[in-house]
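Listed below, chain by chain, are the residues.
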Amino acid sequence: MFENEEGTDLEAARERTLGALVSFSRALRREGVSVPADGSLVAARALATVGLSDRERVRAALKAALVAGPDEEDVFERLFPSFWRQFAGEGDFWTPPAQDGPDAGEPAPVEAAPESGGGEDTNGSDAGRDGGTVARRGGSTSETESADPVSDGTSAAVYSPVGSTERVDAIGREDATLERSIDRLGRALARLRGRQVTQSGDERPDVRRALRRAGGGVPLPLPTAGRDERAVRALVLADVSRSVLDTVDRPFLLAALGHMTREWREVRTFLFDTDVREVTRAIGSRDAGTALERAEAEWGGGTRIGEAIAAIRRAHPGAVDRDTVVLVASDGLEVGDVAELEEGMAWLSGASAGVLWLNPLAGSPEYEPTCRGMAAALPYVDGLFAFAGPGDVREVARQLERQGLSGSIGYEYDPRP
Amino acid sequence: MGTDDDGGDDPGSAAAAAAPFADVDEERLREVFEAESYVADDEIVTTVLLALRLGKPLLIEGEPGSGKTELGKVLAGGFSTDLVRLQCYEGLAAENTLYEWNYTKQLLAVQAGEGGVEDGGGSGEAGADGDGDERSVFDRDYLLERPLLEALSGDGDRPPILLIDEVDRADEEFEALLLEVLSDFQVSIPELGTVSADRPPVVIVTSNRTRGLSDALKRRCLYLHIDPPSFEKERAIVERKVPELDAAVAAELCGVVARLREEPLLKQPGVAETLDWARAVRELDGEGEGLEPATVRNTLGCLLKEAEDVERVDDDLIERVVADATAE
Chain G
1 MFENEEGTDL EAARERTLGA LVSFSRALRR EGVSVPADGS LVAARALATV
51 GLSDRERVRA ALKAALVAGP DEEDVFERLF PSFWRQFAGE GDFWTPPAQD
101 GPDAGEPAPV EAAPESGGGE DTNGSDAGRD GGTVARRGGS TSETESADPV
151 SDGTSAAVYS PVGSTERVDA IGREDATLER SIDRLGRALA RLRGRQVTQS
201 GDERPDVRRA LRRAGGGVPL PLPTAGRDER AVRALVLADV SRSVLDTVDR
251 PFLLAALGHM TREWREVRTF LFDTDVREVT RAIGSRDAGT ALERAEAEWG
301 GGTRIGEAIA AIRRAHPGAV DRDTVVLVAS DGLEVGDVAE LEEGMAWLSG
351 ASAGVLWLNP LAGSPEYEPT CRGMAAALPY VDGLFAFAGP GDVREVARQL
401 ERQGLSGSIG YEYDPRP
Chain H
1 MGTDDDGGDD PGSAAAAAAP FADVDEERLR EVFEAESYVA DDEIVTTVLL
51 ALRLGKPLLI EGEPGSGKTE LGKVLAGGFS TDLVRLQCYE GLAAENTLYE
101 WNYTKQLLAV QAGEGGVEDG GGSGEAGADG DGDERSVFDR DYLLERPLLE
151 ALSGDGDRPP ILLIDEVDRA DEEFEALLLE VLSDFQVSIP ELGTVSADRP
201 PVVIVTSNRT RGLSDALKRR CLYLHIDPPS FEKERAIVER KVPELDAAVA
251 AELCGVVARL REEPLLKQPG VAETLDWARA VRELDGEGEG LEPATVRNTL
301 GCLLKEAEDV ERVDDDLIER VVADATAE
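Read top to bottom, the protein sequences are chains G and H. Going by full-length UniProt numbering, 27 is the number at position 27 of the first sequence; the sequence numbering is gapless. Going by full-length UniProt numbering, 284 is the number at position 284 of the second sequence; the sequence numbering is gapless.
Just so you know, these hints were derived from the structure itself, not from any lab. Only true hints are included.
Partial chain G-side listing against chain H, Cβ under 8 Å, derived: (1) 36; (2) 60; (3) 68; (4) 398.
Where a beta carbon is used, it is the ideal one built from N, C-alpha and C, also for glycine.
In isolation and in its complexed conformation, chain G is listed as follows (with noise of 0.2 Å):
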């Protein structure tokens, strides 16, 4: 145990290293990452070996000591950024805080903490056991709530009517892996057959054109025509309700959206939960952060699909046609109306060139489309997929490239293990 020296920049440091540390194991465990109960005490020698100036070694270090097994990686994966920027939080971490006093949004001091720079005390003693060594000021109930405001981002607390009060992250994650699978899908989507043709492509002999020309015995060069592969249109539902939000990466799921919007030519994108709105021109903004804020975009309430659907169809009416795919990010826990539901997925899917369902549930190996809603939408839907990562995009590409809309695909038929 040490003495919380008020004014020792050093200390108020290593303390919020500490925090961050403790809070991060909990956080991992909390996704059934068996973090072992040691595993805060060789994650802090981890970092004193490593430094904690660049973040890849510190992820490095973190996951070598945190993780065992490649489905923990992804989790890690998924909660790491959280971490540091709660770690990294107030711009400059490594330099004396300009106020290095207790502020309300940080972590507490660790009561009982290792040694983190020596490493000496091997007795076993866990700064991260649940025993509650670690205690927040200010009585927030949510960590999430209680992380530091980021400097390289912008945080959105909004106030939705059934969901609780929720902070999104709201910082475009610039992720290449990410985009390359958002670009092949929009390939794959663009290649699909019956899909947009333009002038420009030299896939093909353009018949109807060389005919419209010819006139008079004069010989034309053959005109050709080919797929633009940026005319891709597509209509994006993304859910964001409780259920989804505490499954999907948030990060991922708005650089997702954010890129499909800015790099697909015509989408259009709707958030919903018990309501709908279009975001569009806001999450297709680089500070979708500040664009979500202007837009209201509400997030955290339960999931009325069925609900959005009708208000789409009747809000929006153009917004699907023959030649649209529907793109729906949910999990399909519906609490509205399955019929209503059922009514308007037949729509959408009379309505437009096809249907995915991306579902953050379907990961697992173990997931099953048993849920109402899920059951329900499941008919009018051409491929129902996983959505927790980029390789899933990846996959969700490379069956469309295989199979087109109409063959077999799905999450049933994703090779991976």
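Given chain G's structure and the hints, the job is docking chain H onto it.
Just chain H, lined up with the frame of chain G:
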């Protein structure tokens, strides 16, 4: 700092005894990888560095052929220390991994009146009680050290690298046996006492994940998952390991492998297969004409190890992947 000959041998340093590689820094480790032609990304470097400096066993998982075993060999070679390798298999038992008594020698000793059958009682370090006729046949002279014990009792300048390879092939009972070794670096021999390592070995445990390992084992280890290599990394590996191969051909070859990995194959080719294939192509492609579909077809056996996979990859697919690879 961080060399083979200094630092870690300081007998006065308790920390050095606990983690004999505590003096190794990142630069030194990268030098070792470089010298041994092992292409390691930052995550591998950081994790191995932690295992060395913290003195914790390192559990490495990854696809077969991703370089798990090679990592152990590279560390042994790079730090000029012994590699003690224990290849696991089903039915692996304590006597194959820890120690056996040399029964023949014991029997002869007893018959010749050179030793009794009293337990060594923990005096096994010297192996004798002093008086010739009071010697026990349960001392170190009669002990056959198997890999785990051998690693603990190493007496080189640097402790050995203990490579426990494919631990998932062994039974769960073996895992339980490993626990004592990995947590305390000691082995209990009932007749002799506890043998502790003066300088614990660097332990590398590899697994292909054919079955899950126990939490207890995982808890004692740092964890590293070696992902299938990116195109760039694989190309670097091929260029490093098969330098005779033309760089352009190496790039095409890696492009073909990367493309084939997108196919639903029963067994995805690993880096080891890519290297085998690269060597085969080098042998056949004397003129450096680049990668031809016919060459790919004829050497596919180096890459694909399942008959169904070879069948699945037909001529059309080969032509397509070669065309894709050469176009990139």
